[in-house]
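Chain A is fixed; fit chain B onto it per the hints.
The listed protein sequences correspond, in order, to chains A and B. Each residue of the first sequence is one higher than the one before, counting from 223 in my numbering. Each residue of the second sequence is one higher than the one before, counting from 915 in my numbering.
The set of hints was computed from the structure by calculation and includes no laboratory data. These numbers come from a predicted model, not from an experiment. Heads up, the beta-carbon is just placed ideally off N, CA and C, and yes, glycines get one too. Treat the hints loosely; a few may be bogus.
As the list claims (entries may be wrong) - If the Cβ cut is set under 10 Å, some of the chain B residues that face chain A in the computed set are:
#1 Gly-990
#2 Phe-1009
#3 Lys-1017
Claimed, not checked - Think about it this way: if two alpha-carbon atoms lie no more than 25 Å apart in a straight line, the pair counts; the simulated PhoX-like pairs of lysine-lysine are:
#4 Lys-938/B <-> Lys-257/A
#5 Lys-965/B <-> Lys-1029/B
#6 Lys-1039/B <-> Lys-1029/B
#7 Lys-1039/B <-> Lys-974/B
#8 Lys-467/A <-> Lys-498/A
#9 Lys-938/B <-> Lys-412/A
Unchecked claim - Label pairs and their computed distance ranges (CB to CB):
#10 Leu-1038/B <-> Thr-504/A: 48 to 58 Å
#11 Glu-326/A <-> Asn-985/B: 34 to 44 Å
#12 Thr-940/B <-> Gly-310/A: 13 to 23 Å
#13 Glu-1024/B <-> Gln-359/A: 47 to 57 Å
#14 Glu-973/B <-> Ser-269/A: 37 to 47 Å
#15 Asn-985/B <-> Glu-461/A: 18 to 28 Å
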Amino acid sequence: MMAFKNIVCPVCGASCDDIQVELVGESLTVKNACKMGNAKFQEVVSSHRIRMPTVLEEGVFRNAEWNEAIEKASEILLGAKRPLIFMGNETSCEAMEVGLHLGEYLGAVVDSNSTVCHGPTAMGIQEAGRVGSTAGQGKQRSDLTIYWGSNPLESMPRHMSRYAIYPRGYWTRRGRFDRTVITVDPRRSKTAENSDLHLQLKPNTDYELLSALLTLLHGKRPHPSVEEVTGVSIDQMEEMLEMMKSCNFGSIYVGRGIASSYGKHRNAELAFNLVKELNSHTKFVIGALPWTL
Amino acid sequence: MRREVLLNTGSTIDEGRLAKGGNKLTEDYKEECAVCEINLDDFLALGSPEKVKVSTNDEKYGVTVNAVPDNSVMPGHVFMPRAIWANVVVPPETFSTGSPLYKGSPVFIEPTEEKVLSAEEVVLKFYVWGGR
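Bound-form chain A, shown alone (with noise of 0.2 Å):
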């Protein structure tokens, strides 16, 4: 029997460290993993896995040995005049490093998976910059949590349990006692359900409601047709930006929620704004969430 312990997960970016993994013979038991995680270890032993590089020739493909495999891809990408090389989410830093540097040798164009998933967000972190934390300063402080279009009970199994909601922290010692919940959502979802508020807006909307929640901080009443298009009340808003000004410490964790729907960059951008500006009230930081966020 192997056995390994502390290893970090690769699935949804939450880089859960405290998987232990045991091999006999040719069965895999996985702890501490989500539904996940469970199944993408499990690929370790599965009838599917691609064991041995295969090159195709005359149209069949064929078992190769490495060298001769890394051979051949080498000429392809030499011969090629502006090869792409788009990076895996499920890559070690450590990899893509190589693969940056590969790119920058070939005169490449690298690209990675964060393009068709929260590269929204990143462009919006570059307009407005970002007031973040580590994942421990969250779970040690934060007793309001606010999940923007993300879900994590579905997309990032273990936030709630191991990093935000459930854990004692220092500051919040009685675990989810002490924390309050709210999701930002079209979909009643799982994590919606789970929450002490649930603002369910129109889909597309995310930017007015950021709008309206900025002018309600600096001390004006956004104008009433903002009921209208984002389906959420003035008196929602209002209990809802209460609550993220009178907390001790808050998280936002946006999701592909605002990277996605229209708005964009420019939704995340605007959710970064908020968060600057309710640091003259309290302690405030937002993270992206999940997978490659």
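Just chain B, lined up with the frame of chain A:
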């Protein structure tokens, strides 16, 4: 009978489990992902269909999936798990960000008797034969 709705796509835990486990070509994956969750009012108005065809609003592309009544979505909205079926109708517009409009795009839904294709069949139909 056809309705224009806003399409929301996103993760489900079993979609993640199956995709990460390399099981995208299985019946389980089709069962989990080839679905369209519709608000109960809209579902009844469509005549409680077993299957619906989801089409882009320019009607160029459409995909048949199983219809599921679900009040987690508001009337006028539908949800599809992120997978190859949803990607047939996700519009390519990226607003110069490189990331498609996975959420909040207008689509048509209508009851249909067409077959729900497997992931492999979707690849062949839309990516090899261009939707024919």
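The hints, checked one at a time:
The interface hint given for Gly-990/B holds, since its Cβ lies 9 Å from the closest Cβ of chain A, which is under the 10 Å cut-off. For Phe-1009/B, the interface hint holds, since its Cβ comes within 10 Å of a Cβ in chain A; the closest pair sits about 5 Å apart. Residue-level restraint check for Lys-1017/B holds (minimum Cβ-Cβ distance to chain A is 4 Å; threshold 10 Å). Straight-line distance between C-alpha atoms of Lys-938/B and Lys-257/A comes to about 16 Å, which keeps the hinted pair within the 25 Å bound.
Annotation: proposed proximity of Lys-965/B to Lys-1029/B holds, straight-line Cα distance about 9 Å (limit 25 Å). Between the alpha carbons of Lys-1039/B and Lys-1029/B the distance comes to roughly 13 Å, so the proposed pair stays at or under 25 Å and holds. Our distance criterion of 25 Å between C-alpha atoms is met by Lys-1039/B and Lys-974/B, whose separation comes to about 13 Å. At most 25 Å may separate the alpha-carbon atoms for a hinted pair to count; Lys-467/A and Lys-498/A meet this at roughly 12 Å.
At roughly 24 Å between alpha-carbon atoms, Lys-938/B and Lys-412/A fall within 25 Å of each other, so this suggested pair holds. About 55 Å separates the C-beta atoms of Leu-1038/B and Thr-504/A, a value consistent with the hinted range of 48 to 58 Å. Between Glu-326/A and Asn-985/B the Cβ separation comes to about 52 Å, which falls outside the hinted range of 34 to 44 Å. The hinted window of 13 to 23 Å between Thr-940/B and Gly-310/A holds, with their beta carbons roughly 21 Å apart.
A C-beta distance of roughly 50 Å is found between Glu-1024/B and Gln-359/A, which places it inside the suggested range of 47 to 57 Å. Under the hint 37 to 47 Å, the C-beta atoms of Glu-973/B and Ser-269/A, about 41 Å apart, fit the expected range. For the pair Asn-985/B and Glu-461/A, the beta carbons lie near 24 Å from each other, so the given range of 18 to 28 Å is met.
Of the hints listed earlier, the one the structure fails to meet is number 11.
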